[in-house]
Amino acid sequence: QAQFAESGGDSVEPGGSLRLSCLAFGDIFHTYDMGWFRQAPGKQRELVAIIGRDGRTTYEKSVKGRFTISRDDAKNTMYLQMESLKPEDTAVYYCNGVLGVRGLEGYWGQGTQVTVSS
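Going by this note's numbering, the first residue of the sequence shown is number 245, and it counts up by one from there.
Hints listed in this document are in silico derivations from the structure and should not be mistaken for laboratory results. Note that the structure is a prediction, hence the values are computed from the model and not measured. A virtual CB, placed ideally from N, CA and C, is assigned to each residue, including glycine. There may be inaccurate statements among the hints.
What the hints assert, rightly or not - With beta-carbon atoms standing in for the labels, derived distance ranges: (1) Arg297 <-> Lys330: 26 to 32 Å; (2) Lys308 <-> Asp271: 26 to 32 Å; (3) Asp271 <-> Glu332: 19 to 25 Å; (4) Lys305 <-> Ser361: 21 to 27 Å; (5) Gln283 <-> Glu257: 18 to 24 Å; (6) Ser251 <-> Thr275: 32 to 38 Å; (7) Ser306 <-> Arg263: 23 to 29 Å.
I would like the entire structure built from these sequences, with the hints used as guidance.
As structure tokens, then:
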């Protein structure tokens, strides 16, 4: 059963910006802290940003100051505003509930592709 639908990925040049959206279905959005993850080719999926149910945010070091995570509980939607994009940000981006530093197994969506290149 699909829980999340990610959108907003695109191809941009270095220095560009994108806004990703995550529409959540079901109860996970209101039960768990939520996070954005990404997986680059040949690499493991990594957690890049977390937003708690209380709105507190945490960022992975390489994106801190460039990415902003937010949520709109009334719309069951989470966002990731990405600024000053770098080629190393190229990856498939996923949203999911967070348990520790891991996403919830069995709830991964299709993700949305972000490509940063000149």
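Check your understanding: Does the Cβ distance between Gln283 and Glu257 fall inside 18 to 24 Å?
Key -> For Gln283 and Glu257 the Cβ distance comes to about 22 Å; the hint holds.
Point to revise | Satisfaction of the hinted span 21 to 27 Å by the C-beta atoms belonging to Lys305 and Ser361 | key: holds, 23 Å
**Study point:** Outcome for the supplied range 26 to 32 Å, where the beta carbon pair is Lys308 and Asp271
**Key:** holds, 30 Å
Exercise for review: Determine whether the Cβ-Cβ distance between Arg297 and Lys330 falls within the hinted range of 26 to 32 Å.
Suggested key: holds, 30 Å
Check your understanding: Does the Cβ-Cβ separation between Ser306 and Arg263 fall within 23 to 29 Å?
Key -> With Cβ atoms ~19 Å apart, the hint is violated.
**Study point:** Pairwise beta carbon distance, Asp271 to Glu332, judged against the given window 19 to 25 Å
**Key:** 35 Å Cβ-Cβ, so the 19 to 25 Å window is violated.
**Study point:** Cβ distance range 32 to 38 Å for Ser251 and Thr275, holds or violated
**Key:** Between Ser251 and Thr275, where Cβ atoms are some 22 Å apart, the hint is violated.
In summary, the numbered hints that this structure violates are 3, 6 and 7.
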